[in-house]
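Undergrad: Protein chains in written order, with my numbering: chain A, 30 to 216; chain B, 135 to 290.
If you're looking for bench data, these hints aren't it; they were derived computationally from the structure. Glycine is no exception: its CB is placed at the ideal position from the N, C-alpha and C atoms. Careful, some of the hints might be misleading.
Simulated crosslink set (EDC-like; lysine to aspartate or glutamate; CA at most 16 Å straight-line) [claimed, not checked]:
| # | chain 1 | residue 1 | chain 2 | residue 2 |
| --- | --- | --- | --- | --- |
| 1 | B | K256 | A | E163 |
| 2 | B | K256 | A | E84 |
| 3 | B | K275 | A | E181 |
| 4 | B | K263 | A | E181 |
| 5 | B | K246 | A | E163 |
| 6 | B | K256 | A | D192 |
| 7 | B | K200 | A | E181 |
| 8 | B | K246 | A | D192 |
| 9 | B | K197 | A | E181 |
| 10 | A | K191 | B | D288 |
| 11 | B | K168 | B | D288 |
| 12 | B | K275 | B | D179 |
To spell it out: a stretch of chain A is covered by chain B in this simulated footprint if at least three of its residues, at any positions, have a beta carbon under 8 Å from a beta carbon of chain B; those stretches are [stated by the list, open to error]:
| # | stretch |
| --- | --- |
| 13 | 160-168 |
| 14 | 176-187 |
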Amino acid sequence: MKTELMLKLQSWVDGELPESEARQIAELVRTDKEAAALAEELRVTRSFLTGNEPEAKLPESHEFHWSKIQRAIERAEAEVPAREAVPWLEAVRRFLVPVSGVALVLFLTVVSIGVFDDRKPAPTGDDPMSQLVEEQTLSTHVDTTSYRTKAENMFVVYIVNKDGEGDEEDADADIDWEEEMDVPVIQ
Amino acid sequence: MSLLRFSGRGIRPLLFSICFLALGGVVAQAKELKLEVKLIWGTNDEKSPKKEHAPVDEATAAKLRKVFPWKYYFVEKKVTGVVPSRGSNQFKMSGKCSIEITELEGPRVEVKLIGKGEPVHKAIKEIRKGEWFVYTGDDAKREHGWLVIITALDEK
């Protein structure tokens, strides 16, 4: 039997053929034993499949199942606009408030513990930088000489009054305490 | 998100406490400078012609003798004062002589000798506890001399 005829036979069993063709196939099944056997086999197979097809059943009603899905979709759609509703400035402000607070606290802490303070701990005296002295003689009437005595831990500025230097008469004069102490450097 | 949650109620008292302590540290750091300034008369005469003069203590005299030529030293005036942080103070030692001290940034101070209202000498240096900063001068024969001794009472 040709494949084309077998397919037509299957269609006839399924009731899918037009009436004229169905009559021809019915005549064929009635007269041809091979065709009749195939048709019978196809009918048995069809009845077997139809009667034993597994049926999937939902644990809940069909309407309730789809309404749950619908509610979930609606909820998800509602959340997205809520998140977008926060303006960017507000979001930045929310972030900056705690960050700036923490930064201020850190700054004050750092300043208070003197991380950037140029005040050094008490020098030992061996540090040459601690020995540096900037000096300036501001009067034209005096000469100054400075020196350091390490043994006595003393820095001395010796002031000589240029105008009175070598003034024997003045040197021999009786000491007038007020004058001496009031004008120790300048005449 | 955790940072935002961190800024909630629980952390606020802690932040306030840290701010308070930090501010306290900043205030405490602005330290004033305590100084002593002495005007001393040096002479080879055993007794000072000025009756109110008191001789310096023996330790001070011994130290001065190692540096200066005079045998005896008498205190003319002693002033203790405070130089505010980043500020100045003037110590009047006599009618026409004063010392102006300015607290500078860092460990240094500016010391200025002023006579008759005019600045005579200026020095900028570190001032350390135990060290003496001395201005000195004498007469032509070097029989008598004067000393202005500046000492820090506290470490800067």
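Undergrad: What's the verdict on B/K275 and B/D179, does the C-alpha distance respect the 16 Å limit or exceed it?
TA: holds, 14 Å
Undergrad: Holds or violated: are the alpha carbons of B/K200 and A/E181 at most 16 Å from each other?
TA: With a Cα-Cα distance of about 8 Å, the restraint between B/K200 and A/E181 holds, given a limit of 16 Å.
Undergrad: Quickly compare the C-alpha distance for B/K256 and A/E163 to 16 Å and report which way the hint goes.
TA: holds, 8 Å
Undergrad: Given the hinted pair B/K168 and B/D288, is their alpha-carbon gap at most 16 Å?
TA: Distance ~6 Å between B/K168 and B/D288 Cα, so the pair holds.
Undergrad: So if I understand the rule, the pair passes when the alpha-carbon distance is 16 Å or less; does B/K263 with A/E181 pass?
TA: Holds, at about 13 Å.
Undergrad: Cut-off 8 Å, C-beta pairs, minimum 3 residues; does the coverage of the stretch 176-187 of chain A by chain B stand?
TA: That given contact holds, which follows from 9 residues of the stretch 176-187 of chain A lying within Cβ reach (below 8 Å) of chain B.
Undergrad: Is B/K256 close enough to A/D192, meaning Cα to Cα at most 16 Å?
TA: Measuring from Cα to Cα gives roughly 20 Å; hence the hint is violated.
Undergrad: Going straight from one Cα to the other, do B/K275 and A/E181 come out at no more than 16 Å?
TA: Cα-Cα ~25 Å, so violated.
Undergrad: Please verify whether B/K256 and A/E84 have alpha carbons no more than 16 Å apart.
TA: violated, 109 Å
Undergrad: Between B/K246 and A/D192, is the straight-line Cα distance small enough, at 16 Å or below?
TA: violated, 21 Å
Undergrad: Would you check the hint for B/K246 and A/E163, treating anything up to 16 Å between C-alpha atoms as holding?
TA: holds, 12 Å
Undergrad: Per the coverage rule (Cβ-Cβ under 8 Å, at least three residues), is the stretch 160-168 of chain A covered by chain B?
TA: With 8 residues in contact (Cβ-Cβ under 8 Å with chain B), the coverage given for the stretch 160-168 of chain A holds.
Of the hints listed earlier, those the structure fails to meet are numbers 2, 3, 6, 8, 10, in rising order.
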